[in-house]
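Take the two lone chains and join them into the complex the hints point to.
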Amino acid sequence: MPLARARRALALLIAALLVLAACQQGQPPTTGPVTQTGGGEPDPDGELVTNLGSEPDTIDPHKASFVHEIAVIMSVFEGLMSLDPQTLKPVPAVAAKDPEISADQKTWKFTLRDGVKFSDGTPVTARDYQRGFLRTCDPRTAGDYAFVLYVVVGCEAWNNMDLRTATTAQIEAGRDAVGIRVLDDKTIEFQLAEPAAYFGSIAYMWVGMPVKQESLDKGGERWTEPETYIGNGPFKLVEWKHNERMVFERNDSYWRGAPKVKRWTRVMIQEGATAFAAYRNNEIDVLGAAAEDLRTIEADPELKSQLSDVEGSCTFYIGFNAKRAPFDDPNVRLAFARSFDRDGYISDIQKMGTSANGGFIPPGLPGYDKDDAVQRYDPAAAKDLLAKSKYAGAPELQNVKFTYASNARTKTRVEWLQQQWKNNLGVTVVADPVDATAYTQLVKRQETTPLMFILGWCADFPDQQNWLTTVFHSSGISKTGWKNEKYDALVKQADQEPAKDRRDAMYLEASRMLSAEAPAAWLYYVSGKLLIKPWVKGVTTTALDSVLGQFRMWEIYVTKKG
Amino acid sequence: MLTYVVRRLLLLIPTLFFVAVVTFALAHAAPGSPFDKNPDRPLPAATIERLERLYGVDRPLHEQFLLYLGNLARFDLGSSLVRDRSVAEIIGSQLPVSAQLGIQALLLALAVALPLGVISALRQNTAVDHASMVLATVGTTIPSFVIAILAIYVFAVHLRLIPIVGWGTPKHMILPTVVLSLGAMAFLTRMTRASMLEAIRQDYVRTARAKGLPEQVVIVGHVLKNALIPVATVVGPATAGLITGSFIVESIFNVPGIGREFVLSITRRDYPLIMGVYLLYAFLIALANLAVDIVYAALDPRIKAA
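Top to bottom, those sequences are chains A and B.
So for the first sequence, the numbering used here puts the first residue at 4; every next one is plus one.
So for the second sequence, the numbering used here puts the first residue at -16; every next one is plus one.
This is chain B alone, in the form it adopts within the complex (with noise of 0.2 angstroms):
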């Protein structure tokens, strides 16, 4: 196991060096420069060329590309080039917001999908299980920033329960809290439905039943751990990309989160920043898959971390 883990590890750096190199070209393949800062007021060209000059962006991107690398293998993410702040600080400051609300939302969304896909599956075509899918079904139709809005407007403006200014106190979590769950949330519960139906069907389960086991020791011992599996599979990368934050809702509820940076980062062409996210979001997703495979082997004893 310990093996397996560290050979995993060790192929997260060639991973990550291709994602550097697709990030890399891919940033700057887009036209336009980090000093372009406005459309509609765009810099002097001899202004934008001086910049450049000083912030080595017009040298080959080979050149580049070789420097940037020799610092990242320094462990240093270089400087914003539109901000006064470091890549690292940026991350640094930004990434434990979006990473504590999406632990929470990822608990929430668990807390409230296993339980109910399980029930759903139970009681299939019962009103339960219907109610259970319109949820589900509502959850992932509309759009997050529909919802955030709506709660906005009935917690904070007419209900006055929620501040909206601020960031910190639980009461400030509570609504990104919630919306960013939903999505996960209501996908979990479909997961663990149809996973739970599926396994409720198999011969092992026929088999537990028939030599006379209680039917709680077979639901939650085999069927249960059995539909577990894909669930797991899912929840890995979904944990990923809501530690990272979501856009959508740290702009409406105002997190002070990184999931902003990482559309502001390439409508800005700020290179180092791009860099620095997009490889942290690789790494993220990376030790996600990985932790998703260790617990695989927890769960079903056919597949071996060899």
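So that you can see chain A by itself, here it is in the shape it has in the complex (with noise of 0.2 angstroms):
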């Protein structure tokens, strides 16, 4: 489902309310990870400071959706599976192995590895992580994400429960129908709704980080204050001053092995330029570049050796309303999606970024599709399909609406596209701004779907399906009102094979059937640059990582500051 919502949304929604540039640390990257490897010795006191953006609404793991909320989870807690930082695909992490998967793909049986302590020096075992996976469903929790796992049985029912009117007999019943359960202290199990090939990516989210109960219990609704936020990961968060920083240390009981930095401070600088000065301040190590600082940094000689490319997870469409005229003719949507310079966008416009020259998924997550070149530029085939249409020469192609939600960045976005489309197209297409939350609430209903919108969608887990199912699947999150029931099909099907050749192929299909159909033009890949001190090494990014490092968090070390 949807997303990672609201993941690397902060940043997005910041930066497009308040022209505050938020935590870039979120945008990750890609295509063969990024390591800083090499030359000085760890300092066993070394301390990293990084920057959080701001202050997170809740780290509590079974509500957190915003990329920063996830930073901190990640760092204090791991779940049952992680991702490998080469391939994306799911490691054991906790578990001790592979799951172990029945024959018709349903029952998924996790064995947790000996010898897991929480920071606290108590054992973790399988009632944990069923303790953790239960509160992403309970209603009572009320979490963002639950909807991740209504693929396991009876969580969406029980997540649904209307609490004004059920019972405590009603909402216990719903808890103990969801299909988790503890076999022993180190075996647990999930039973699912269909099968689903990618439930081992979802066993690393943070929805299915584990808790104790004496957290809980203790700590109440405050339990995610340093004292009781007790986790299982690599670092322990030893001091919260709100909206001003939180502070990590080692965890000296985690099973991999104490971290070799010893503190790790996040302050929350939500002012880009800001972040800049303390970057240069020597004041934080690491700092994810803003496209406004780039020339700066071009013309240093010394920050620009700092500097390294990260991809992201997300790719921009500018959607089409497929149920009205006149995008409810495919041709005339793969002529707008064929008719803008990719290229000239990501250099006029974004600065930062990759052009879209390929399918929905973008490079370095599972399913990208390079060779897609259905929608590739083409002012001349995007002519002639528009000619081709049934609106060719209509009214309809004549003051089209672009409705988007009004800040200064999206403004010269859709103005360089209004040209394009003008010049190439030949038709006119009028802005139409509106505040940022009335946007997202006209986006979210098929109903009230503008003509044309711009949307972003990031990968919540490295799989397919969050992208071609999730989104444009006909009961997806896009509501672009377009259905195609072989593409529906297909995608379904995919979701549910388990070969893994197969799966891919079907998806592949799949995407480029999406790319034909064009109920949204792919705009550009998110991806951006990190500043990175000489001093901070063992550095491995990937494409999703929420924190610096994040599946290699624990090898991350600093030398001595020259």
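Misleading hints may appear alongside valid ones.
Computed footprint of chain B on chain A; a stretch qualifies when at least three of its residues, placed anywhere within it, have a C-beta under 8 angstroms from a C-beta of chain B [to be verified]: (1) 138 to 147; (2) 156 to 167; (3) 269 to 280; (4) 292 to 302; (5) 436 to 442.
Only pairs whose alpha carbons sit at most 30 angstroms apart, straight line, appear in this in silico DSS-like list of lysine-lysine [stated by the list, open to error]: (6) 263(A) - 92(A); (7) 265(A) - 307(A); (8) 154(B) - 265(A); (9) 373(A) - 386(A); (10) 154(B) - 563(A); (11) 100(A) - 120(A); (12) 307(A) - 393(A); (13) 244(A) - 154(B); (14) 503(A) - 373(A); (15) 221(A) - 307(A); (16) 503(A) - 100(A); (17) 154(B) - 536(A).
The set of hints was computed from the structure by calculation and includes no laboratory data.
A virtual CB, placed ideally from N, CA and C, is assigned to each residue, including glycine.
As structure tokens, then:
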């Protein structure tokens, strides 16, 4: 489902609304991880300072949805599975080995490795994981991300229970119906409602983090304060000065061994210019570079040498309302998609990012299709498509309304696109800015979906299902109104297909079909640049990082600051 | 005097009620929901409905409002809809930061503006006067975000005198205090100058001089005292504005204050937080105005606090 919805969102939201550059750490790389290796002795008392961007609304793993919230959770907790930073495939973490999957693909059994402990020294059991997963499904938790577990039997029904009318007995019965069973201290079993080959990837997510009953009992609503926020991950939270900073220290009982960094402070600087100044002042060690600072960075040899590329896990697209004229004609949609210069867009407007010369799924994630040329920029072909459409020369092609969340950045994007369509296609598009929250309201229901709109999508977990099914299946997140029964059937079939090759092939076919039918035009893939001080080493980044080096956090070290 | 103050304080209740009605109506009139967190990544409609049901945001507005008032009467400001914290806790931890910064800025502004305004008026059309008016104009016209970012680059990045990260030490407070005070400082300087010039031409000043009073006594006792009345009028609301923080200054200097909440609570449709911060603001403005009225009486015997 929806996304990492809120995940990268904070950055987008704040930037959009307030033109504050928010936390860029959540912009991860993909093709081949960036690694700062070698050189220098690790400082055993090394301290790392990074920017969290802003105060997290919550750091409860079963409620969180924003990237800076997940960054905290992923530092303090560890799931049954993790991801391999090279391939982004799920690999066992606290689970001792790959899950045992039943023949019908609906029962998944995970066995915990021995000796895994919480940072207070108590052992982690299958019951702690069950408690965590159940909390996510629990309607009383009111988490945003419960939907990713709806594939587990009973989770959706329980989560949607109306608490105003439900009795305590009904709520308990709802919980007991959820297909998550503890077989013994070391074994946990999930019953899925349908085969879901991607469930191993879900098992790495924050929604399944273990939690101690004692933390919940002692801390109550406030269990996320440092005293009771006890996890089993590489770091522990030792201080949280609200709106100012969070301080983490290495967890000496971490099962892989204590991380090499002793202390990791995350400050909360929202304003991009301030964060950049703090980086230059050596007050923070790592910073996601903002597009507006690139010229300064390029002009300074020292800063330039500290810059590395990171690819992201998000795609921005222009959606078309396929139920309304003129976009009910696929030729018109494809004509619009093929008539703007994506490379020019990146160099003129976006400055940072990668041209969407491929399909919906961005580079670095499974399912990226670099050979998908269906929507490539080709004004001549676009004109032909338009001429072929039933709206050729019709008044519907004039004054096409393009609705967007009003802010300076998006305004520039929309104006540039208007010009492209005018020049290359001869159609006039009218900009229709609306308040950001109102915009969100509009795009979430089919009845109110604008004729044209801009949206982004970011990976929740690395699997095609999270893109092709979650977004563009006719019951998915995207409210373009586009429905193609062949596409729907194909992605559903792929979701359940256990054989990887066959599954990938089906998704590839669906992805091409999607580009050709063009309910949306791929605008650009998000990617970013990280500034890393030379004394920070051992960083392996991936496209899915919420926090620096998320999948190899314990390997990061700092040398003595020369 | 005491009855006057008590009466004014009682008048606060209907005022705040009115503010609550208007704020509540406007906040809810804006489209969207507190759970529409991200324009680019909407939650599924079913999830939003579930959350709205859970938090009671789907109930009829008058019902929600009555519920809110009931809680307010028990001094319960409710919990933020988007954060894991209560409104009282957010205000309680962030207001003192802004208040301290605001009071410092106000004192600085007054300490500079009053003497500067007085001197400019007394030396009207001299170099001193022109210089202070240029400063005052610059202070009003250059936006604080420009000055703030410039200040960071000069004092933190180039001179390395001031740390950027962190909060709480005097070093951290210098720049935001100065930048925050500039606007008020410039405005108050002009105000003091104009009002001094006005007072200096009054008949009672001529009378004072004619009866042979020393010039200092004339200036301090007659001109300045009367000139301060209009200044006091604007200092009241300015105080309320300063202690509730500035979105821009707090964002750029990374101050953990309440100023940012004024904007963020609205854009996020966090209804309880919107109500909390705006009622607080209204309350502070009302208090400031009351304080101004009391000061009037002290400055001008013709004005009776009756």
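Hint check:
Figure legend: the segment 138 to 147 of chain A, annotated as covered by chain B; annotation consistent (3 residues with Cβ-Cβ distances under 8 angstroms, at least 3 required). Counting residues of the segment 156 to 167 of chain A whose C-beta sits closer than 8 angstroms to any C-beta of chain B gives 5, which meets the bar of three, so the coverage hint holds. Figure legend: the segment 269 to 280 of chain A, annotated as covered by chain B; annotation consistent (8 residues with Cβ-Cβ distances under 8 angstroms, at least 3 required). With 0 residues carrying a beta carbon less than 8 angstroms from a beta carbon of chain B, the segment 292 to 302 of chain A misses the three-residue requirement, and the given coverage is violated.
Check on the segment 436 to 442 of chain A: 5 of its residues sit with their Cβ under 8 angstroms from a Cβ of chain B, so the three-residue criterion for coverage holds. Restraint check for residue 263(A) and residue 92(A): satisfied, since their Cα atoms lie roughly 25 angstroms apart, inside the 30 angstroms limit. For a cut-off of 30 angstroms, the pair hint linking residue 265(A) to residue 307(A) stands: about 28 angstroms separates their Cα positions. Only pairs whose Cα atoms come within 30 angstroms are accepted, and residue 154(B) paired with residue 265(A) is accepted, the gap being roughly 27 angstroms.
Restraint check for residue 373(A) and residue 386(A): satisfied, since their Cα atoms lie roughly 24 angstroms apart, inside the 30 angstroms limit. Between residue 154(B) and residue 563(A) the CA atoms are separated by roughly 26 angstroms; this keeps the pair inside 30 angstroms, and the hint holds. Restraint check: the Cα-Cα separation between residue 100(A) and residue 120(A) comes to about 17 angstroms, which is no more than 30 angstroms; the hinted pair holds. Between residue 307(A) and residue 393(A), the direct Cα distance comes to roughly 52 angstroms. Violation of the 30 angstroms bound is thereby established for this hinted pair.
Pair hint residue 244(A) plus residue 154(B) holds up; C-alpha atoms about 19 angstroms apart against a cutoff of 30 angstroms. Between residue 503(A) and residue 373(A) the alpha-carbon distance is near 19 angstroms, which keeps this suggested pair within the 30 angstroms criterion. Proposed proximity of residue 221(A) and residue 307(A) is contradicted: the alpha carbons are some 49 angstroms apart, above 30 angstroms. Distance check on the hinted pair: residue 503(A) and residue 100(A) sit about 19 angstroms apart at the alpha-carbon level, within 30 angstroms; holds.
Between residue 154(B) and residue 536(A), the direct Cα distance comes to roughly 25 angstroms. Compliance with the 30 angstroms bound is thereby established for this hinted pair.
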